[in-house]
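Position chain X relative to chain D; hints supplied.
Residue numbers (our numbering), protein chains in the order written: chain D, 1 to 218; chain X, 219 to 505.
It is possible that some hints are incorrect.
Said to hold, decoys possible - Below, a list of computed lysine-lysine pairs in the BS3-like style, where the Cα atoms sit at most 30 Å apart:
| hint | chain 1 | residue 1 | chain 2 | residue 2 |
| --- | --- | --- | --- | --- |
| 1 | X | K505 | X | K279 |
| 2 | X | K279 | D | K83 |
| 3 | X | K488 | X | K505 |
| 4 | X | K439 | D | K53 |
As the list claims (entries may be wrong) - Which chain X residues face chain D? A few, computed with CB under 8 Å, are given here:
| hint | residue |
| --- | --- |
| 5 | M263 |
| 6 | A281 |
| 7 | M324 |
| 8 | A372 |
| 9 | S378 |
The set of hints was computed from the structure by calculation and includes no laboratory data.
This one's a predicted model, so the numbers in the text were calculated from it and none came from an experiment.
Ideal Cβ placement from N, Cα and C applies to all residues, glycine included.
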Amino acid sequence: MNIFDIIGPVMVGPSSSHTAGAVRIGKVARELLGEEIMNAEILLFGSFLATGKGHGTDKAIVAGLLGFDPDDRRIPESLDIAKARGMQCRFGSIDLGDAHPNSAKLHITSVTGKKLDITAASVGGGRINVTEIDGVEAHFSAECPTLIVRNDDKPGLVANVTALLQKNLINIATMQLYRSGRGDHAVMVIECDEQVPGETAEELKGLDGINEVIYYRG
Amino acid sequence: MYRSMEEIRKAMEKTGMPFWQVVREEDCKETGLSAESSFDRMTEMLKAMKASDAEYDAELKSASGLVGTDGAALRRAKENGTLMSGPFIGTVMEKAMRIAESNACMKRIVAAPTAGSCGVLPAVILSLQEKFIIPDEEMVKALYVAAGVGGVIAERASLSGAAGGCQAEIGAASSMAAAAMVFLRGGDAKQMDSAAAIAMKGLLGLVCDPVAGLVEVPCVKRNVIGAVNAVTSADMALSGIESRIPADEVFDAMRSVGRCMHEELRETGKGGLAVTPTGLKIKEELK
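The shape of chain X in the complex, shown without the other chains:
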């Protein structure tokens, strides 16, 4: 796995291969998997992501009853034309909500990078595919781009809420998704870097404060926030707006912010929203 976005760009220059392929080659070298089997396996991930969206049950609630059915509410609003954010963002929001709710309801999802943040990446790339009719092969390549960015975040910081707070889960997912979108819209490596950086900067400092310790409140709705943040970050980058701080340094900042975070704000359910009067009441009622 690459330790920096810069190393990925250097490997691109050296080999003449695109971002996604450089990421795949490096992984194949480490795992011993052939390029074809790796691509096949990533294709399975794409299929599983599509299934996690398609298999949404609009009537299902989680065991706690805290989440579920909101994906359907967003669809109704979208179909009624009442969403201020328009049909594309509407679709992104709906998909992120559907997949994150499905996760909370014990349905099958793809952790990307974690189960708690599983709605972000598929929401943006599947919405793009519907809008621009993108072949699956390009979608799989976009997953490699996302994996490359996620790998750098894992190496430099963390992908776990217990270690780095929600910025390490939804923040990382959003950063990965922003880069994948830039790839799918034909952007270059520098724009991917900017998109990944801008997305993470927007969520820097986000704490992990699950009510009653469950992957439900606020996790499900944060998937929607992470997905929409990825779209705006990718759009900024594709408009030629650069991140003043390069992605690698943003990820380093994420690590140091995570280290400053008190344990109460790192997936213990002992801080933030979890200890609000309502959060505590919910926890008590679930006992």
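Chain D extracted, bound-state conformation:
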């Protein structure tokens, strides 16, 4: 926390968690997909579902999917703007069990047919926590450059990935490892202090045993 968390952020109201954080969830989803969105199914949970309409949570998430920031004056008109751009949005509810009460699950499809499923929570003060990507657990705030690496669960892959980052002088801030089962699919979520250049991300993709690399610029 710094003084601009106390005086700030500049944002469209009414709620930092239900509006500003919701915009960020949409925006992070868009950036992770990396392409213009054609179709979005937005499922709300908990307090997002109970009070989302009055807080403009629906408009906020769509605004984020359109690439708007939390202080964008167009947020209240986002549903109309999405329609004009040909983005189809459907809203619904979902039971996410013991997830954070301000959570949403998004299924989005790009104009080229690329798909992404993402679950994220708005955890207060406009901050978010991405908890799941394409069915795999993850925990990141999307406040710094983040690599999401999908790989086979076998020895040496973490060392190979971190060695490549070291070679490119990229410092790792936090790192988390998840897997669906022993020897099955695994995911590394790596938050970095520096931006990861496109070539480095490409090089990562080329490593043996790495299946996919998603990069969020932060």
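Frame of chain D; chain X shown alone:
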């Protein structure tokens, strides 16, 4: 961020720098921001606060229809000379109402410290600037003073209604605003401490009980209460009245009161005004 008002005063003594500058230096040390970029950024916050007041739409209602247009009602009363509290408090009330209503109507505001309490601080400092013709540079310094106080509250207690009830939002905003006013009127660090303490003491125990879970009822009008409370607290401090309990201890008390508060009274919309017959009826109608 400083953990106490006392630490801020010690840093002032040690460095010879004023309150606002001590707060800025500490933050720059933590974030790596230069003093100039920090000041520029805070200047942007002031500009955004002014815009949030200026861009008020007198005809706009919130999506629920519960709030909106009351800022205009206060302006009419002020212009008609019917307000008992006089033109200065009238302006403070009007600005707090306008900005808090704008927030509820999805307009752009500066969270200070939260979106729900965004009307308090700008209402008092912008009203002061209109009355006494204060240069913007001093206004920006006042925002650092407010941030310093808010930082101490965040460290010792909380700035979230879900954690500490409304005392942690409107109470904190009022406390920050009172100290900022004392600064703008030339008061010293001890008077800032007293103003911040008196303002928080007046709102200690305030629960967070939003009707239908929305940042509207009673939040918008509580912004007006918080702003006026800041003015009277600053005036007391500037008259030489001291808070018998120092601000740091008041903030500690706020924390412990918040911890005693039942979850129903901490932003869940399950207690207080939210469950009055009218509150429940409103919730039902909005479904």
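Handout entry: Satisfaction of hint between K505(X) and K488(X), Cα-Cα up to 30 Å
Key = 16 Å, holds
Handout entry: Per-residue hint verdict: M263(X), partner chain D, C-beta under 8 Å
Key = Hint holds; M263(X) Cβ to chain D Cβ min 5 Å, cut 8 Å.
Problem - A281(X) as chain D interface residue, shortest Cβ-Cβ below 8 Å - result: Hint on A281(X): holds, closest Cβ of chain D at ~6 Å, below 8 Å.
Handout entry: Given hint M324(X) near chain D, where the shortest CB pair must fall under 8 Å
Key = 4 Å, holds
Exercise for the section: Would you check the hint for K439(X) and K53(D), treating anything up to 30 Å between C-alpha atoms as holding? Expected result: 21 Å, holds
Practice task
Sort out whether K279(X) lies within 30 Å of K505(X), counting only the CA atoms.
Solution key: The given pair, whose Cα atoms are some 18 Å apart, holds under the 30 Å limit.
Practice task
Could you check if S378(X) really has its C-beta closer than 8 Å to a C-beta on chain D?
Solution key: 6 Å, holds
Exercise for the section: Answer holds if the nearest beta-carbon of chain D is closer than 8 Å to that of A372(X); otherwise answer violated. Expected result: 6 Å, holds
Practice task
Would you check the hint for K279(X) and K83(D), treating anything up to 30 Å between C-alpha atoms as holding?
Solution key: 24 Å, holds
Hint compliance for this structure: no hint is broken.
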